[in-house]
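Here the structure of chain A is known, so what remains is to put chain B in place on it, guided by the hints.
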Amino acid sequence: MIALSRLFRATAFKLTLAILALSAIGSGVVLGVVAWQVIKVVDEETAQTIDAEANGLAEQFNQGGIRRLGAAILARSREPGPTIYLLTDAAGQPLAGNIAQLPPGALDNEGFIDTPYALTEGEPHPRRALARVFALPGGFHLLIGHDLGDRARIGGVMIHALAWSLIFLAGVAALGALFVTRRVLKRIDAMNNSARAIMAGDLAQRLPVSGSADELDRLAEGLNEMLGRIADLMSGLKEVSDNIAHDLRTPLTRLRNHAEDALRVDGEAANYRAALERTIEESDGLIRIFDALLLIARAEAGAAQTGGQNFDVGAVVSGLAELYEPVAEERGFALTAQVEPDLTISGNRELIGQAVANLVDNALKYGAAEENGGVNAVSLAARREGTNIVIEVADQGPGVAQSDRERVFDRFVRLEGSRSRPGSGLGLSLAAAASRMHCGRITLADNAPGLRVIVTLPASGAAP
Amino acid sequence: MRILIIEDDRDAAAYLVKAFREAGHSPDHAADGVTGYDLAHEGGYDVAIVDRMLPKMDGLSLISALRAQGNETPVLILSALGQVDDRVKGLRAGGDDYLAKPYAFSELLARVEALARRRPKGAPEETVYRLGDLKLDRLSHKVTRGAEEIVLQPREFRLLEYLLQNAGKVVTRTMLLEHVWDYHFDPQTNVIDVHVSRLRAKIDRDFDKPLLHTVRGAGYMIRDSA
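Chains A and B supply the protein sequences, listed in that same order. Here our numbering is used: position 383 in the first sequence is 383, and no number is missing along the way. Take any residue in the second sequence, note its place counting from 1, add 1000, and you have its number in our numbering.
Calculated from the structure, these hints are not laboratory results. Incorrect hints may appear among the rest.
Under the rule of at most 25 Å between Cα atoms (straight-line distance), these lysine to any residue pairs were calculated in the SDA-like manner [stated by the list, open to error]:
(1) B/K1135 <-> B/V1170
(2) B/K1101 <-> A/L248
(3) B/K1142 <-> B/D1096
(4) B/K1018 <-> B/K1142
(5) A/K14 <-> A/V180
(6) B/K1101 <-> A/R278
(7) A/K365 <-> B/W1181
(8) B/K1101 <-> A/R288
(9) B/K1202 <-> B/T1214
(10) A/K186 <-> A/R6
(11) B/K1089 <-> A/R298
(12) B/K1101 <-> A/F412
(13) B/K1101 <-> A/I280
(14) B/K1169 <-> B/D1096
(15) B/K1101 <-> A/V180
(16) B/K1056 <-> B/G1024
(17) B/K1101 <-> A/T253
(18) B/K1101 <-> A/P124
(19) B/K1018 <-> A/I280
(20) A/K14 <-> A/L248
(21) A/K238 <-> A/R288
(22) B/K1018 <-> A/L276
(23) B/K1018 <-> B/S1197
(24) B/K1101 <-> A/E282
Stretch by stretch, here's where chain B covers chain A in the computed footprint (C-beta under 8 Å, at least three residues) [what the hints assert, rightly or not]:
(25) 38 to 46
(26) 349 to 358
These numbers come from a predicted model, not from an experiment. Note that beta-carbon positions come from the ideal geometry of N, C-alpha and C, so glycine has one too.
Only chain A is shown next, with the shape it has when bound in the complex (with noise of 0.2 Å):
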């Protein structure tokens, strides 16, 4: 039973059903249309055949007057046939014909009527016909008329005819939805399956899609990328958050240590201090990398947008240049930069700014050559390339392999050889934040030797 008004309730199931109802009144308007048409063409033919029957009788009338008139409609009354007849005199007393009975009044006015009439007197069904009245000289009335029965036939055929075509339809309509239906109902089960069981957690699982390439399977295509994309964020989120959980106790345990160590030693004031100030830096630390989340975050989002302006992206490269130039040199690099004039582009100058001072901070940081016997030399780089502008920071350090240079760029992930030193393994999950959220790309080449970092932004006013 349940299945049962399930099954009434689909959609499917209620389009045949409006669809049944609409090809009844089709197939009834057309039946009608056609009766009237068959309908007109019949009347049409009958009131033909008593203007015929009158033109005969007229010369009859022409000739011997009323008497002969007379005469020959009793003639003709004898022969069988649809036409009617009726003559009647100046009082309405019927002098021939092979009618007995008429409604009062019929032969008042002259010309076409559609009256009942009866043949015998007393008939237990009425007849009707149609029929045209002449006003005779003398105050004599003609009734010439003609059978309406074969009218009311073709009426009858036709209502036949709709019944019928009305149950052919309704029961191949009722299989044909039963079918439909079912197939729909089985195909949208199972899908329902599907989702109950990606909702009860098992993210793996995607909807079936029966090759037929139908609407139902373009759907469960779009569904399937969609899921697909959900699981890519899930997992992500969750490395996020793995990620966090993890770096964020590291630092947080260093500044639990710090205080209770400075508890439990019994020390003096010089000491509480230090101790004190270890934990403002360590507090200090956990803001930088709670700030650096929160700023790829939002660069992610997008939202950082509304800083939005047009500005030279080789003023904020040169600018970098110069800001660590000293720190370069005193660490023993050579920081060069090479700009090119005139390289606008819209979006957020802090952003930027603070994506490319990550990755000259990088650079000075991991691009040491001395190991290797190398030189110690950072270059900058900001030049157009058609429509877009291209920044690089390039180093002659230990570079980073080809297998590294996609993983790099997630949070918190330091290769090895960098986690000795400080750092948050954020910086270039923020270049990289940025440069996404400004249309453009980041990429790692080889320096040869070293590493090579390339921003493609695309120039203000290229279409994005």
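Positioned in the frame of chain A, the structure of chain B alone reads:
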């Protein structure tokens, strides 16, 4: 100097009042936007510190309202929203400086003191700064100490200029980064320190009395300690 603190967090406000008092200032506190606006409107404050999110009237509306009334009290916005665009919004609303929470008190103090010493609107800009025997001429871009001319790079000149504008007061590294370089982001390393030590080498090294001092845990200060 009189400081108006408009902050709804009781602990934070109490801490600020205490800390400013210890630093020798006289702070007043308002716990919501409307009270804060009324106090600021009465005038007489050298600086107002306004939290962005306040009950009854938010910080930015408060500042806009003050500015619309012609009140030019320097305002420092304190906000838990530390991002670049929030800063821009705050300054656009009429704020003079912006500091994200959490902050170091030394940073806040330095910024508040720097704000209070802004010259009144319409006052002529000084063209020559003097500190002891150090002289900086903003028109000719010449720096001399005693009889000796000191040659500075353009950025070193801006650095010294900003320090002299705030002579006798602490200037933090972020303040330098913001005012001398116009960057509002984290440079990751001690870039400012290296610039300052370069400047110090030029103006102090060959002279008996140092002028540029490092203030531990806060920043730098240029002063004539005679």
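Going through the hints against the structure:
For the proposed pair B/K1135 and B/V1170, the alpha carbon gap of about 20 Å is at most 25 Å, so the pair holds. At most 25 Å may separate the alpha-carbon atoms for a hinted pair to count; B/K1101 and A/L248 meet this at roughly 19 Å. A C-alpha spacing of about 29 Å is found between B/K1142 and B/D1096, which places the hinted pair above 25 Å, so the restraint is violated. Proposed proximity of B/K1018 and B/K1142 is contradicted: the alpha carbons are some 43 Å apart, above 25 Å.
Restraint check for A/K14 and A/V180: the C-alpha separation of about 11 Å stays at or below 25 Å, so the hint holds. Taking the CA atoms of B/K1101 and A/R278, the gap is about 19 Å. The hint holds against a cut of 25 Å. Restraint check for A/K365 and B/W1181: satisfied, since their Cα atoms lie roughly 22 Å apart, inside the 25 Å limit. Proximity of B/K1101 to A/R288 is assessed by CA-CA distance (about 12 Å); at most 25 Å being required, the pair is judged to hold.
Between B/K1202 and B/T1214 the alpha-carbon distance is near 16 Å, which keeps this suggested pair within the 25 Å criterion. Pair hint A/K186 plus A/R6 holds up; C-alpha atoms about 11 Å apart against a cutoff of 25 Å. In summary, the hint linking B/K1089 to A/R298 is supported, as the alpha carbons are separated by about 16 Å, within the 25 Å threshold. For the hint linking B/K1101 to A/F412, the alpha-carbon distance of about 24 Å falls within 25 Å, and the restraint holds.
Restraint check for B/K1101 and A/I280: satisfied, since their Cα atoms lie roughly 14 Å apart, inside the 25 Å limit. For a cut-off of 25 Å, the pair hint linking B/K1169 to B/D1096 stands: about 18 Å separates their Cα positions. Distance hint between B/K1101 and A/V180 is unfulfilled; the C-alpha atoms sit about 64 Å from each other, more than 25 Å. As the CA atoms of B/K1056 and B/G1024 are separated by approximately 31 Å, the hinted pair breaks the 25 Å bound.
Simply put, B/K1101 and A/T253 have alpha-carbon atoms about 22 Å apart, close enough for the 25 Å limit, and the pair holds. With a CA separation close to 106 Å, the supplied pair B/K1101 and A/P124 exceeds the 25 Å bound. Taken as a hint, the B/K1018 and A/I280 pair is honoured in the structure, with Cα atoms around 19 Å apart against an allowance of 25 Å. This hinted pair does not check out: A/K14 and A/L248 have alpha carbons roughly 58 Å apart, beyond 25 Å.
At most 25 Å may separate the alpha-carbon atoms for a hinted pair to count; A/K238 and A/R288 meet this at roughly 22 Å. The hinted pair formed by B/K1018 and A/L276 meets the criterion: a straight-line CA distance of about 19 Å does not exceed 25 Å. A threshold of 25 Å between alpha carbons decides the hint, and for B/K1018 with B/S1197 the separation of about 34 Å lies outside it, so the pair is violated. Between B/K1101 and A/E282 the alpha-carbon distance is near 16 Å, which keeps this suggested pair within the 25 Å criterion.
Counting residues of the region 38 to 46 of chain A whose beta carbon lies closer than 8 Å to any beta carbon of chain B gives 0, which falls below the threshold of three, so the coverage claim is violated. Taking a C-beta to C-beta cut-off of 8 Å, the region 349 to 358 of chain A contributes 6 residues in contact with chain B, enough for the three needed, and the coverage statement holds.
Hint compliance for this structure: hints 3, 4, 15, 16, 18, 20, 23, 25 are not met, and every other hint is.
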